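**Q** Okay, here's what each chain looks like letter by letter:
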Amino acid sequence: MSKNRKGIEVSIGAADAVAMADVDVIAAYPITPQTHIVEHLSEVVARGDLDAEYIPVESEHSAMSVCCGASAVGARTFTCTSSQGLALMNEIVFIAPCMRLPIVMILANRSLSGPLSIWNDHSDVMSIRDCGWIQVFTENGQEAFDHVFFAFRVGESPDVSLPVIVNMDGFILTHVIEAIEYWTPEMVRQYLPEFKPVNRLHPDKPVTMGAFGMPNIFTEAKMAQNEALLDSKEEILKAWKEMGDITGRYYKPVETYHAEDAETVFLTMGSLSETVSIVVDQLRARGEKVGQIRLRLWRPFPFEELRNEVKHVKSIIVLDRAISYGGPGGPVAGEIRAALYSEKNKPLVTNFVAGLAGRDVTVNNYIDMYEKTQKLAGSRVRQEDYTIYGVRE
Amino acid sequence: MSDKTIEEPTWRELQIGCVVSEPGNASQYKTGDWRSMRPVVDKEKCIRCGVCYLFCPDMAIYKNDEGFFVADLYYCKGCGICARECFTGCISMIPEEE
Numbered sequence: 041m042s043k044n045r046k047g048i049e050v051s052i053g054a055a056d057a058v059a060m061a062d063v064d065v066i067a068a069y070p071i072t073p074q075t076h077i078v079e080h081l082s083e084v085v086a087r088g089d090l091d092a093e094y095i096p097v098e099s100e101h102s103a104m105s106v107c108c109g110a111s112a113v114g115a116r117t118f119t120c121t122s123s124q125g126l127a128l129m130n131e132i133v134f135i136a137p138c139m140r141l142p143i144v145m146i147l148a149n150r151s152l153s154g155p156l157s158i159w160n161d162h163s164d165v166m167s168i169r170d171c172g173w174i175q176v177f178t179e180n181g182q183e184a185f186d187h188v189f190f191a192f193r194v195g196e197s198p199d200v201s202l203p204v205i206v207n208m209d210g211f212i213l214t215h216v217i218e219a220i221e222y223w224t225p226e227m228v229r230q231y232l233p234e235f236k237p238v239n240r241l242h243p244d245k246p247v248t249m250g251a252f253g254m255p256n257i258f259t260e261a262k263m264a265q266n267e268a269l270l271d272s273k274e275e276i277l278k279a280w281k282e283m284g285d286i287t288g289r290y291y292k293p294v295e296t297y298h299a300e301d302a303e304t305v306f307l308t309m310g311s312l313s314e315t316v317s318i319v320v321d322q323l324r325a326r327g328e329k330v331g332q333i334r335l336r337l338w339r340p341f342p343f344e345e346l347r348n349e350v351k352h353v354k355s356i357i358v359l360d361r362a363i364s365y366g367g368p369g370g371p372v373a374g375e376i377r378a379a380l381y382s383e384k385n386k387p388l389v390t391n392f393v394a395g396l397a398g399r400d401v402t403v404n405n406y407i408d409m410y411e412k413t414q415k416l417a418g419s420r421v422r423q424e425d426y427t428i429y430g431v432r433e
Numbered sequence: 017m018s019d020k021t022i023e024e025p026t027w028r029e030l031q032i033g034c035v036v037s038e039p040g041n042a043s044q045y046k047t048g049d050w051r052s053m054r055p056v057v058d059k060e061k062c063i064r065c066g067v068c069y070l071f072c073p074d075m076a077i078y079k080n081d082e083g084f085f086v087a088d089l090y091y092c093k094g095c096g097i098c099a100r101e102c103f104t105g106c107i108s109m110i111p112e113e114e
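Protein chains in written order, with the numbering used here: chain A, 41 to 433; chain B, 17 to 114.
No lab work stands behind these hints: they were computed from the structure. All of these numbers come straight from a predicted model, not from anything done at the bench. Careful, some of the hints might be misleading.
What the hints assert, rightly or not - Only part of the chain B face toward chain A is listed, based on derived beta-carbon distances under 7 Å:
1) Trp27
2) Ile32
3) Gly33
4) Cys34
5) Ser37
6) Met53
7) Val56
8) Gly96
9) Ile97
Said to hold, decoys possible - Straight line, CA to CA, 27 Å or less: simulated DSSO-like cross-link-like pairs of lysine-lysine:
10) B:Lys46 x B:Lys79
11) B:Lys79 x A:Lys245
12) A:Lys262 x B:Lys79
Just so it is clear, CB atoms sit at the ideal spot from N, CA and C, and this is done for glycine as well.
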């Protein structure tokens, strides 16, 4: 195992991983909301250290359009955005998976404006929950770094051929310095094969991509797209296994901490998961049977793994970092409840919406949530119940 | 997409990414299905000038053996531009149900 550790800003580390993956085309709009990821990549390309096209487009809509075009000719393609940038990109984001273009995008999760904001939550990614990309969440700098290689490997696999979003929390991850264990070029070569596109725009074999689909073909096209996303799971599991064999870090769709004998589990995604691990330690020290479930794979949703990990659990506290206005609470809780609805022993699912637009969620906050939930034990929480946590009344 | 694949492919039969692998097969697509009115030429009035041919946005008008310009109803969408532009007013748009 490599001991090539560096103390580095996570954005720079992620950009280095993209460069190490020998990406061919990077398209990005270089102004807020953006991170040092594409800024650093532009420097790497300008210096001549990476033989790639860096296309500074005029908007995020164009960034994703360029990515689609580049990927369609068989280029390894990368972009990165956040919040409003993702919102502007929206139209094209939905087209890439239907065209089966294995673009990789890091999404530095930040709140969607209204009020204007630049801070971290998950309202951006939840706005494209149903876009058809493979979507994973990372919890720290090392995970973000590792998942760049994972994303190219899985997305470009001929059996998958789908775009991949790597979520990393804005600021909490993107703008902090962490210790990241760099891969060696040999590890990258071993893990990430050359990109051989399933379809390719090439004069030797002309094809049309992105043609219209009449009503008599559209439903079949969507079925094929959905099946492709569901089937990608096999390659996802394989790619995580092989990464573990190379790096010693084995990732899973659903990861746990002291969940085996827990009666109550916190369910989290992204960087706040690390705080929850501390909370679990503290509550365990008090003798409470508490554990943690971390959802790493968001799409395709890991139903089987989730049900398996919580089948003995009495109570799940789901932390959401986005609101479904007028809906059944946060988007994560809604899915957890749906996933467990047909189970014989349904746990109590309580939902706290917290950490919006960068507001801290502290250890004491989680302990407070736990204590509030304990008081509900034995009662039945309605499907639509949720609490927006920490609101000043 | 060829006429055959347009009919009723299963989802498994679709090409990956819905690519069209046969170049130029858009010509097989019957845009004439969109038509609600069809252009009919009065040969008594037609001077065979071809202005309809020049203006047709779909290149759906061809010159027949007699030298008259007529619409290929496989492609003609019935937009009526030919009737509008005709110098002699020899083209009438007739509802398809008649």
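**Q** Does lysine 79 (chain B) sit within 27 Å of lysine 262 (chain A), going by the straight-line distance between their CA atoms?
**A** Violated - the C-alpha atoms of lysine 79 (chain B) and lysine 262 (chain A) are around 43 Å apart, more than 27 Å.
**Q** Do the numbers back the hint for tryptophan 27 (chain B), that is, is its least Cβ distance to chain A under 7 Å?
**A** holds (4 Å)
**Q** Classify the hint on valine 56 (chain B) as holds or violated, based on whether any CB of chain A lies nearer than 7 Å to its CB.
**A** Given a least distance of 29 Å, the restraint on valine 56 (chain B) is violated.
**Q** Does the CB of isoleucine 97 (chain B) sit less than 7 Å away from some CB of chain A?
**A** violated (23 Å)
**Q** Decide if the proposed pair is consistent with the structure: lysine 79 (chain B) and lysine 245 (chain A), CA atoms, cutoff 27 Å inclusive.
**A** Not satisfied, since the Cα-Cα distance of roughly 34 Å exceeds 27 Å.
**Q** Can the hint on cysteine 34 (chain B) be confirmed by a CB-to-CB distance to chain A that is less than 7 Å?
**A** holds (5 Å)
**Q** Would the hint on glycine 96 (chain B) stand, with a C-beta cut-off of 7 Å toward chain A?
**A** With a closest approach of 24 Å, the glycine 96 (chain B) hint is violated.
**Q** Hint validation: glycine 33 (chain B) versus chain A, beta carbon distance must be below 7 Å. Holds or violated?
**A** Holds. Min distance 4 Å.
**Q** Does methionine 53 (chain B) hold up as a contact with chain A if the rule is Cβ-Cβ below 7 Å?
**A** With a closest approach of 22 Å, the methionine 53 (chain B) hint is violated.
**Q** Check the hint pairing lysine 46 (chain B) with lysine 79 (chain B) against an upper bound of 27 Å on the C-alpha distance.
**A** holds (20 Å)
**Q** Tell me if isoleucine 32 (chain B) is really an interface residue toward chain A, meaning its C-beta lies closer than 7 Å to one of theirs.
**A** holds (5 Å)
**Q** Holds or violated: serine 37 (chain B) as interface residue toward chain A, Cβ cutoff 7 Å?
**A** Where the cut-off is 7 Å and the nearest Cβ of chain A is about 5 Å from serine 37 (chain B), the hint holds.
This entry does not satisfy hints 6, 7, 8, 9, 11, 12, going by the numbered hints stated previously.
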